[in-house]
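Go by the hints and put chain V onto chain G.
There are 2 protein chains.
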Amino acid sequence: MIHETKSKTVESSAKTSLGLGRKIPSLQGTGDPFSFVSQELQLVEDTLTRAIRSREQALTDIAAHLIHSGGKRVRPAVTILAFLAFGGKKPSDIVDIATAMELIHTATLLHDDIIDGAETRRGKESAYKKFGLKSTLVTGDFLFIKAFEFAGKFDETVVQWTADACALLTEGEMLQGHFNRNRAVTLNDYIEIVRRKTASLFHTGAKVGAYLAGAHSSLVEETERFGLNMGIAFQMVDDILDVTGHIELLGKPTGMDLRDGNPSLPIILALQAGENAVCEAFECSQPTEKQITAALNALRTGNAIQEAKATSKRYAEDALKSIKKFPPSLYRNGLKTLVQLIIDRDF
Amino acid sequence: MIHETKSKTVESSAKTSLGLGRKIPSLQGTGDPFSFVSQELQLVEDTLTRAIRSREQALTDIAAHLIHSGGKRVRPAVTILAFLAFGGKKPSDIVDIATAMELIHTATLLHDDIIDGAETRRGKESAYKKFGLKSTLVTGDFLFIKAFEFAGKFDETVVQWTADACALLTEGEMLQGHFNRNRAVTLNDYIEIVRRKTASLFHTGAKVGAYLAGAHSSLVEETERFGLNMGIAFQMVDDILDVTGHIELLGKPTGMDLRDGNPSLPIILALQAGENAVCEAFECSQPTEKQITAALNALRTGNAIQEAKATSKRYAEDALKSIKKFPPSLYRNGLKTLVQLIIDRDF
Numbered sequence: 463m464i465h466e467t468k469s470k471t472v473e474s475s476a477k478t479s480l481g482l483g484r485k486i487p488s489l490q491g492t493g494d495p496f497s498f499v500s501q502e503l504q505l506v507e508d509t510l511t512r513a514i515r516s517r518e519q520a521l522t523d524i525a526a527h528l529i530h531s532g533g534k535r536v537r538p539a540v541t542i543l544a545f546l547a548f549g550g551k552k553p554s555d556i557v558d559i560a561t562a563m564e565l566i567h568t569a570t571l572l573h574d575d576i577i578d579g580a581e582t583r584r585g586k587e588s589a590y591k592k593f594g595l596k597s598t599l600v601t602g603d604f605l606f607i608k609a610f611e612f613a614g615k616f617d618e619t620v621v622q623w624t625a626d627a628c629a630l631l632t633e634g635e636m637l638q639g640h641f642n643r644n645r646a647v648t649l650n651d652y653i654e655i656v657r658r659k660t661a662s663l664f665h666t667g668a669k670v671g672a673y674l675a676g677a678h679s680s681l682v683e684e685t686e687r688f689g690l691n692m693g694i695a696f697q698m699v700d701d702i703l704d705v706t707g708h709i710e711l712l713g714k715p716t717g718m719d720l721r722d723g724n725p726s727l728p729i730i731l732a733l734q735a736g737e738n739a740v741c742e743a744f745e746c747s748q749p750t751e752k753q754i755t756a757a758l759n760a761l762r763t764g765n766a767i768q769e770a771k772a773t774s775k776r777y778a779e780d781a782l783k784s785i786k787k788f789p790p791s792l793y794r795n796g797l798k799t800l801v802q803l804i805i806d807r808d809f
Numbered sequence: 463m464i465h466e467t468k469s470k471t472v473e474s475s476a477k478t479s480l481g482l483g484r485k486i487p488s489l490q491g492t493g494d495p496f497s498f499v500s501q502e503l504q505l506v507e508d509t510l511t512r513a514i515r516s517r518e519q520a521l522t523d524i525a526a527h528l529i530h531s532g533g534k535r536v537r538p539a540v541t542i543l544a545f546l547a548f549g550g551k552k553p554s555d556i557v558d559i560a561t562a563m564e565l566i567h568t569a570t571l572l573h574d575d576i577i578d579g580a581e582t583r584r585g586k587e588s589a590y591k592k593f594g595l596k597s598t599l600v601t602g603d604f605l606f607i608k609a610f611e612f613a614g615k616f617d618e619t620v621v622q623w624t625a626d627a628c629a630l631l632t633e634g635e636m637l638q639g640h641f642n643r644n645r646a647v648t649l650n651d652y653i654e655i656v657r658r659k660t661a662s663l664f665h666t667g668a669k670v671g672a673y674l675a676g677a678h679s680s681l682v683e684e685t686e687r688f689g690l691n692m693g694i695a696f697q698m699v700d701d702i703l704d705v706t707g708h709i710e711l712l713g714k715p716t717g718m719d720l721r722d723g724n725p726s727l728p729i730i731l732a733l734q735a736g737e738n739a740v741c742e743a744f745e746c747s748q749p750t751e752k753q754i755t756a757a758l759n760a761l762r763t764g765n766a767i768q769e770a771k772a773t774s775k776r777y778a779e780d781a782l783k784s785i786k787k788f789p790p791s792l793y794r795n796g797l798k799t800l801v802q803l804i805i806d807r808d809f
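Here the protein sequences line up with chains G and V, keeping their order.
The first sequence lines up with residues 463 to 809 when you count with the working numbering.
The second sequence lines up with residues 463 to 809 when you count with the working numbering.
Because the hints were derived from the structure by calculation, they are not lab data.
Hints are supplied without guarantee of correctness; some may be wrong.
For identical chains, the list gives no copy identity; a pair is met inside one copy or between any two copies.
DSSO-like mimics (lysine-lysine), calculated; alpha carbons at most 30 Å apart, straight line [stated by the list, open to error]:
id, residue 1, residue 2
1, K596, K752
2, K786, K775
3, K783, K771
4, K787, K798
5, K714, K596
6, K787, K771
7, K596, K586
8, K552, K615
9, K786, K552
The shape of chain G in the complex, shown without the other chains:
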């Protein structure tokens, strides 16, 4: 199971619309949701660049290596869209916390790459591989700290939610570690890992956006539910792409979850179906390339991918059900399209 794959289409379309003034999407429109918030996302980019400035150039360089490597900015986009969907007006009210979400995400990626010994990330050498364990570890800390500097400007509720999201991330990492190459893992364990590890920044970002826009508490809760289901669907699609994706689009080889022994959704479904090749590669502490290839073939030809796709769609549909309860707006449409994009993506 991985956190993310490489952005191509979404990121480039977000970029092309940056700085061109806000597009006015029609109420029926299903255009690129990133373009709806291009101005705010540009402010997030500027804030990220400012945030990683340090007396120590190496910290800035290592942070920039990952931050400026084509991240999709999905978490800031969700945060900002939720804010605007509930009538939030001033970008200055949301940009800092949207930036904090991306900083936290980046910090965890740096530390995850150490934990997984990852060699590549977003199509290039990982910071861990390029700069080594020590500097990458410290840069991760630095980004966590910067995130809290931004989050700390908000009221106690936002600070608490952000801290809770981060604590969940670490608790998800521990739970995932527990089930590393561990055949005892169940679908419920998987959902719990994903709730904590991937979905936490989605549901926290969405909830904070609604809260800061002044939404009623019942709607803030609904937004949290939306973010949770969207985040779970997002991770499930990531897991599927780790089997079915293409190296050029993913920015990394397929089969990483099998290599790392991380219990992804297709792997768990195949384990439950008693798929021998998958069991063998997953449980083996150092699977050979032959074992990985055999397991990937089994995953691709069996029912695991189909089942995983159906499961991810159910979570996406739950996210869409929540969105229906939001007041009609351009940005509600943006959120809807974002869910669709997440499900339909191939990167």
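Using the frame of chain G, we list chain V on its own:
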């Protein structure tokens, strides 16, 4: 250069006075400064225990392994004493931020042990050695996050100062890494590393204490200066003890700075004096025990220790000069005695 050595005397005397109600020290008194704040330190202990509770027992266990291993709680003590010295009254106004200082300190120790590959800490197996890299890394993150949960309850000034202190810590770690086994290191580089890496939590804790007590801004600045000089003296004494200390009191072998290639004050002074055995052990990527012993002997018999002691005393005197400008109080005396204890300790 290390962060801390094992507590024995101070910690045990703090413990014996815990829960017995506040001792009323005389205005001339030079009693144990930890006993002056035993009630508040007990609240810090309780808060630490609460802070490390997690859904994941392993996070709690790893955090507890280090947090309940006899730390001196110098940073919370400085924070609380500064608060009381400027007329702060309610423990509830200071305990959370004093706890945050200890949580941040503990988080950095966990990550430092990974960076240094340390096998022991406070006289027992390090968390890194006992629980492995992955879990120790994530637990460090967890403690940083918990620290910010506590710090985030305070106003923007306190949040900013705390974030600045943490950023400084990471910048100190990077600078220290740059001068690892690097003979080009100067005394100025050393002071800059120590300002960032050790002194930051001392001067921030002290400053926050004075600020939250409502001290005038000029006195808040003076308190910061006090904390800075005290923190620098503290690290210098640690560096000296790494040469002259006893394993039973230190809780770890001497010569760790030579083994790790960290530029400590005695090492830098010996390098400048062209002490061959020290140059050899410091620059060597994997010094032998014979080289370490030769270098330690050279450090012990040359002028480095004497010079280092004189230097640490100058910083301690500067700290005492600041204290003289504080309004007379029992707690001002406590701070004075704490500086003395730091200089005179052999652990």
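We went through each hint and held it up to the structure:
no.: 1; hint: K596 with K752; verdict: between (33 Å within a copy, 28 Å between copies)
no.: 2; hint: K786 with K775; verdict: within (16 Å within a copy, 69 Å between copies)
no.: 3; hint: K783 with K771; verdict: within (18 Å within a copy, 69 Å between copies)
no.: 4; hint: K787 with K798; verdict: within (12 Å within a copy, 62 Å between copies)
no.: 5; hint: K714 with K596; verdict: both (23 Å within a copy, 22 Å between copies)
no.: 6; hint: K787 with K771; verdict: within (25 Å within a copy, 69 Å between copies)
no.: 7; hint: K596 with K586; verdict: both (19 Å within a copy, 23 Å between copies)
no.: 8; hint: K552 with K615; verdict: both (16 Å within a copy, 24 Å between copies)
no.: 9; hint: K786 with K552; verdict: within (24 Å within a copy, 49 Å between copies)
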